[in-house]
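Engineer: Each chain, written out:
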Amino acid sequence: MKRATMMFKSPRTLTWWRRLAVMTRKELWQLFRDLPLMAFVVYSFTLSVYLTGSGIQTQLRNAGLLVYDEDHRASSRELIRRFHPPYFRFDGELFGADEGVRRLDRGESLLVLDLPPRFHESLHGGESVAVQLLVDTTNSAQGLSAAGYATRIIGEFGREAALARIGAANDSSPNRPMVLNDHRVWYNPNQTESWFESVSHLLRMITIFAIMLPAAALVREKEHGTVEQLLVSPLTPFQIMLSKVLAMTAAILVATAVALFGIMRPVFGVPVRGSVTLFFALTALFVFTTAGMGLLAASLARNQAQVGMMTLLAVAPMLLLSGITTPLEAMPVWVRALMALSPLRYFIDIAHGILFKGAGLPILWPMAVSMAMLGVALFGFGMWRFRRQFR
Amino acid sequence: MNLRRIAAVVSKEWREVTRDRMFLLLAFLMPALWMIVFGYGLVLDVENIPFAVVDRDRSALSRDYLHRFIESRYFDFQGYVAVEEAADALLQSGKVRAVIVVPEQFQERLSAGTGVGVQTLIDGTFPLRTDITKGYVIAITAAFNEELLITHLARSQGLSRRQAETLARPITPEVRYLYNEEVRGTWSIVPALVMFTLMVSSPLLTALGIVREKETGSIYNIYSAPVSRIEFLAGKLAPYVLISMLNVIILWLMALLIFKVPFKGNPVLFLAVSMMFVLSSTGIGLIVSLLVRTQQAALIITVVVSTVPTILFSGLLFPVSSLSPTSRFLAHLFPGMYYANVCWGVFLKGVGPEVLWRDGLALVLYAAALRLIGYRLFTKRPRS
Numbered sequence: 000m001k002r003a004t005m006m007f008k009s010p011r012t013l014t015w016w017r018r019l020a021v022m023t024r025k026e027l028w029q030l031f032r033d034l035p036l037m038a039f040v041v042y043s044f045t046l047s048v049y050l051t052g053s054g055i056q057t058q059l060r061n062a063g064l065l066v067y068d069e070d071h072r073a074s075s076r077e078l079i080r081r082f083h084p085p086y087f088r089f090d091g092e093l094f095g096a097d098e099g100v101r102r103l104d105r106g107e108s109l110l111v112l113d114l115p116p117r118f119h120e121s122l123h124g125g126e127s128v129a130v131q132l133l134v135d136t137t138n139s140a141q142g143l144s145a146a147g148y149a150t151r152i153i154g155e156f157g158r159e160a161a162l163a164r165i166g167a168a169n170d171s172s173p174n175r176p177m178v179l180n181d182h183r184v185w186y187n188p189n190q191t192e193s194w195f196e197s198v199s200h201l202l203r204m205i206t207i208f209a210i211m212l213p214a215a216a217l218v219r220e221k222e223h224g225t226v227e228q229l230l231v232s233p234l235t236p237f238q239i240m241l242s243k244v245l246a247m248t249a250a251i252l253v254a255t256a257v258a259l260f261g262i263m264r265p266v267f268g269v270p271v272r273g274s275v276t277l278f279f280a281l282t283a284l285f286v287f288t289t290a291g292m293g294l295l296a297a298s299l300a301r302n303q304a305q306v307g308m309m310t311l312l313a314v315a316p317m318l319l320l321s322g323i324t325t326p327l328e329a330m331p332v333w334v335r336a337l338m339a340l341s342p343l344r345y346f347i348d349i350a351h352g353i354l355f356k357g358a359g360l361p362i363l364w365p366m367a368v369s370m371a372m373l374g375v376a377l378f379g380f381g382m383w384r385f386r387r388q389f390r
Numbered sequence: 000m001n002l003r004r005i006a007a008v009v010s011k012e013w014r015e016v017t018r019d020r021m022f023l024l025l026a027f028l029m030p031a032l033w034m035i036v037f038g039y040g041l042v043l044d045v046e047n048i049p050f051a052v053v054d055r056d057r058s059a060l061s062r063d064y065l066h067r068f069i070e071s072r073y074f075d076f077q078g079y080v081a082v083e084e085a086a087d088a089l090l091q092s093g094k095v096r097a098v099i100v101v102p103e104q105f106q107e108r109l110s111a112g113t114g115v116g117v118q119t120l121i122d123g124t125f126p127l128r129t130d131i132t133k134g135y136v137i138a139i140t141a142a143f144n145e146e147l148l149i150t151h152l153a154r155s156q157g158l159s160r161r162q163a164e165t166l167a168r169p170i171t172p173e174v175r176y177l178y179n180e181e182v183r184g185t186w187s188i189v190p191a192l193v194m195f196t197l198m199v200s201s202p203l204l205t206a207l208g209i210v211r212e213k214e215t216g217s218i219y220n221i222y223s224a225p226v227s228r229i230e231f232l233a234g235k236l237a238p239y240v241l242i243s244m245l246n247v248i249i250l251w252l253m254a255l256l257i258f259k260v261p262f263k264g265n266p267v268l269f270l271a272v273s274m275m276f277v278l279s280s281t282g283i284g285l286i287v288s289l290l291v292r293t294q295q296a297a298l299i300i301t302v303v304v305s306t307v308p309t310i311l312f313s314g315l316l317f318p319v320s321s322l323s324p325t326s327r328f329l330a331h332l333f334p335g336m337y338y339a340n341v342c343w344g345v346f347l348k349g350v351g352p353e354v355l356w357r358d359g360l361a362l363v364l365y366a367a368a369l370r371l372i373g374y375r376l377f378t379k380r381p382r383s
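Those sequence lines, one after another, are chains A and B. Here numbering that gives the first Met the number 0 is used: the first residue of the first sequence is 0, the next is one more, and so on. Here numbering that gives the first Met the number 0 is used: the first residue of the second sequence is 0, the next is one more, and so on.
Pulled out of the complex, with its shape left as it was, chain B reads as follows (with noise of 0.2 Å):
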């Protein structure tokens, strides 16, 4: 190792980079635009679900009953429909998600005290958003039926309503939220973001910036230079690191001023641990480089590989806990769960190393093992 030999090649690499100006503006301008889109446009909580109603009672009770649906946040109503077959076209164009169905003699049987079926129809495609309206539909009914029992036993047990209420809802849950306690999806979306914008941004860095050096032959300087394998990698890889680095700064201001999310824990921690992760997500780029011959494959290939198990097994959007035992495997196999498992943990737990270390370890572990791959892989004596 010659550190000499190192700073040459950091020195002729960063040039490279910077001269690139488009490049250069990108490389920043990603993290941060997806940051500010993602932060502030990827809601996952469900609300304002189309849909429409068949009333074919028409009465106070039913009327009552649909408005709660009308008034809730979660539902955007679109009209009343006179028949059903109607409802069916709009389900089918997808211009509602559900319809509701209240049948003749809604107000007349309930009000003899009997029950009353009301059926809805949802719009099985998307499995999330269909479990989500049923939810919804089953808690409004449930409101809507806590207050007819009450009314019902007031009347038919001769109690006060204070007791006929106590009667209906014997159990009160008391919810307490931790760590988000006014459940604010911004707070939960951005620290993952952190992960998220650069587990998919450095590989990419990386790997076009090597591929790049094979496609147009340049690598042959290096093959004929006196620079070893060791120096050569460790050279090429930092201005990538440091442009990495220099992400997670702009990204935790970002979340820290932009998002006011909090930040609990320790910052050396995070920064630690952070450059742990981006050493790992350099790696992936480097690797994919190494095998490809082509930048229009490492493109590719890098996204496949990075992107796609992000978004699907990192925990951003789906817990790992709810994945199917061979996707929960899978996800382990990505850096991207780790740190998000840092990431929230020192914004909004605040917690320390005495939690954290097992997914510290695992990120060190993975960044030792990507650089020893890629120290195995890179040879200066090509085949072909």
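Here chain A stands alone, though its shape is the one from the complex (with noise of 0.2 Å):
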């Protein structure tokens, strides 16, 4: 410890300090004068965090149905009236077989009801009775989804019928043996989608811009020439690479700021149930680990362009398969593997254990550690790329 103080007093390392605050100040300059750009960062961590937060639904939602009833009795009518909103859409009564495959075909509608004749009958007579269900799967997760939905409620349907003939069908106190299902659903007990969604976007913008802001302005300096310049200052390559990771950090913190207390909480009423100062320190190590990987690419890339489809091509993969789109059980074996390489896989836990669970280190130190492993590992070779390069 007295070491470590006497070494931060010594004259050297102060201006190396000194030199490095410099620099940071020069990155934080040349991006806030890039107009076009801040309007970008402004929109990206506000409005558009807003308009995927309160737009995005991923649960089953307005499935158009189509119905043939052939029988126009009660029963039939009683059981479409449970397609109801907001999971269903009714569309309206077809007169014939074939048109329910034409509405398909157009798209406007994504299920086909078919009711037959003596349906009413055969429900009251004991008899069994087949409905049919058409249902468009070009989109197999909606369609199955849908599909789900859709016999559970002919299913409770038929039963309810069944046994209220027999005069058995008090659900609330059976009197016949049933096991009753009662879901507590944890921390967000309403499943608001908006929570979710909301740092879902979050964290998709804090990924994009920790990647490509400091692998652009790394190349543009090579780019330019303005690198060599620099080498040849008092500046070492570490403290180059570091300022460009440093001003984006500080960008990209007070970004997440705004989103989080001036939308995600105050709009969404998403919860901060752990400590924020975690959060934040976190997030840092996220976009420290995150701005590593645009290094690496940037210490490989000629111009920009090419760190452009660099960072592009390793960027779209970690937004769609980590975990923040789509739940990270569905995916195959090899995503899960190859994503152990995404730090966006482990700062999505991290997020929602200390926003929504209230989780602290002492849950969440594997991830920490984990992602702060692969950051140092990144910004290690991403370095040495760099420094051989001029050298």
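One thing to keep in mind: the hints can contain errors.
Unchecked claim - Output of the computed footprint for chain B on chain A, the stretches with three or more beta carbons under 8 Å from beta carbons of chain B:
id, stretch
1, 135-147
2, 285-298
Claimed, not checked - Taking beta-carbon pairs under 7 Å as the criterion, some of the chain A residues facing chain B (in silico):
id, residue
3, T12
4, I55
5, D104
6, A161
7, T225
8, T235
9, A304
10, T324
11, P326
To be verified - Keeping only pairs whose Cα atoms sit at most 25 Å apart, straight-line, the calculated PhoX-like set for lysine-lysine is:
id, chain 1, residue 1, chain 2, residue 2
12, B, K11, B, K259
13, A, K25, A, K221
14, B, K213, B, K379
15, B, K379, B, K11
16, A, K25, B, K213
17, B, K213, A, K221
18, A, K221, B, K379
Since the hints were made in silico from the structure, they are not lab data. Note that CB positions come from ideal geometry on N, CA and C, so glycine has one too.
Build the complex: two chains, separate frames, hints provided.
Structural biologist: Dropping the structure here:
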């Protein structure tokens, strides 16, 4: 401890830090003066977070249902009524069997329910009856989900009708053996989608900016030849790289604070159950690690067009496969293995842990350590390449 | 318009693109690589949800009930937990996403013919996963209940098992899946990926190509050359349109040969609409490049205005019909949704212009509008 303070106070290290500070300030100025870029930073962390948080629905909503009712009795009408919003949208009745497929072809509706003649009679006469359901599975996930809801509704309706007939249909105090499932959804009891989607979007934006801004900034110096000027100055390559990362980290942390406390908490009521300090500290670590990927790309690229393509090549899989858009559990094993290289895969657990679950370091440390190790490796490798190029 | 001058711009631009080997390689590698990674990797059907169990009853019937979860491919059993507090910690660390708590007297009460409550604790951080988990739990419990009910009815009402079954399950839903009869995830995702990869890669190619001239100052050669605005833009964009069209064909072949997705529609229609889409997506790159000065800004802005809306609003992951009204409106502002509809239409549905004309027309208008805006924005007399 004593030695560290001494080192910090020695004139050489002081100059070292001062130089780093000057360079960081230069980077920040360069960033702030790019007005179109700043406008998009502001947009991405405010309006864009709002639009995504309020707009994205991942659960089944508004699935268009067409009905070909060949019976038109009380039972069929009652069953149709059970397909209700927000899950289903009644798109009208059909007057022929072929019309259904034609309407599905046009993609206006998602399902066709075909109720046979004598539906009511069969149901009340104790016969078993088949109903047909046509489902558009062009989008397989949506189609399966709609089919699942629909068969559940039909099954429950049938069972109730049958049990009512024999006088045994009181579900609240069943006089028959039955497992009553009682769900408790934790951390987000009402399953408010805006919480998840706005956090996901924030992480998405942090990732894009953290990887691309420093990468482009570094390659720009290479492309313009200004990096030669920097290298003949008393600055070390490490300082040149670090100053870029520090400047971008500072800008991103401020933007994150604006998104969290200006949009997500007041508008959507996103909870911050854990420590705010820990959240920002780990966000900084995440930005640092992700920036390491950008710097690595920057050391491989010769111009900004190349670095843009390289970083995008890595960013798109990170955004789609790290678990912020679709659950990681769904992914094949090799994707999950590949995503061990994505800092976002760790940070999503950290962000959800701190914000929603109120978790602290005792639970989150494995994620934080993995992320830090990844960051050091990326940074170190990028540094090594960068040094070798200019020697 | 002078064709020779356009040809000159094209050849200059083409040479610039092809001489940057890395850039050229990435321009073709990126879409193909993404097609492979996302085509195999982007699975949307949630399975293997990790869960733990607190079994307070430890009876034959409780094991029977829990086995339905343990053996289901939708769940991934992580083990028994003795107390609920330990389950809390597992949920909090994200090691499990659900915990099923079976109470004491589970078997006793069911055998006595009464209801018994089973509690399921579900991690709510990811509403989609929560919803799907809930759905699986409901479905498995319903199947178990049906079994109980059949046995119960057969015994109490003195019915044969067959009669009891009819009583417990009077309506049989016969589900028929259309267009993707075996409900294969890859068939759904691959046509949409043709849209996604192009929508993300081609605006970036274009934007970087034009801003580079602005940033390095070589654009001043154009300002002082006799080439007119329209000639310059046409020639400048041509290589990027060509690269993107080649990518359309590569992705198309990949979809057919590697992923074995059926192609039921008209190839000419597909290529024509793809051309309109490529003109739209490169148009976005053009507009961005005319508004900014640095490649850094062009890079970020293109990603923010093309990649992000394409992930969110194109229908690739979230069906447009489920979005909120505002987002549905936003979805209509980006070309991705229209082209995704066309891709699904020609690959899986086999529908023709009678259905797809609206999407095609939207893309034509989009391409034309972007060109017009680009033409108005581009000036050979910069203000500063």
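Engineer: Run every hint past the structure and note whether it holds.
Structural biologist: Hint by hint, here is what the structure shows:
With 12 residues carrying a beta carbon less than 8 Å from a beta carbon of chain B, the stretch 135-147 of chain A meets the three-residue requirement, and the given coverage holds. Counting residues of the stretch 285-298 of chain A whose CB falls under 8 Å from any CB of chain B gives 0; the rule of at least 3 is not met. Taking 7 Å as the C-beta cut-off, the interface hint given for A:T12 is violated, the closest approach to chain B being about 31 Å. For A:I55, the shortest C-beta to C-beta distance to chain B is roughly 6 Å, which falls under 7 Å, so the interface hint holds.
Contact between A:D104 and chain B, as hinted, is supported at the beta carbon level, the nearest pair being about 5 Å apart and thus within 7 Å. The restraint placing A:A161 at the interface with chain B holds, with a minimum CB-CB distance near 5 Å, inside the 7 Å limit. Given hint, A:T225 at the interface with chain B, is violated; its Cβ is 13 Å from that chain's nearest Cβ, farther than 7 Å. Evaluation of the A:T235 hint against chain B yields a violated restraint, the C-beta minimum of about 23 Å exceeding 7 Å.
Among the interface hints, the one on A:A304 holds; its C-beta lies about 4 Å from the nearest C-beta in chain B, closer than the 7 Å criterion. With 7 Å as the threshold, the beta carbon of A:T324 comes within range of chain B, its nearest partner Cβ sitting at about 6 Å, so the hint holds. Of the supplied interface hints, the one on A:P326 holds, with its beta-carbon coming within about 4 Å of a beta-carbon of chain B, less than 7 Å. Between the alpha carbons of B:K11 and B:K259 the distance comes to roughly 39 Å, so the proposed pair goes past 25 Å and is violated.
Distance restraint check for A:K25 and A:K221: the Cα-Cα separation of roughly 16 Å lies within the 25 Å cut-off, and the hinted pair is therefore satisfied. Using a Cα cut-off of 25 Å, the hinted pair B:K213 and B:K379 holds, with the two alpha carbons roughly 12 Å apart. With a CA separation close to 19 Å, the supplied pair B:K379 and B:K11 stays within the 25 Å bound. Distance restraint check for A:K25 and B:K213: the Cα-Cα separation of roughly 22 Å lies within the 25 Å cut-off, and the hinted pair is therefore satisfied.
A threshold of 25 Å between alpha carbons decides the hint, and for B:K213 with A:K221 the separation of about 17 Å falls inside it, so the pair holds. Only pairs whose Cα atoms come within 25 Å are accepted, and A:K221 paired with B:K379 is rejected, the gap being roughly 28 Å.
Violated hints, in rising order: 2, 3, 7, 8, 12 and 18; the structure is consistent with all others.
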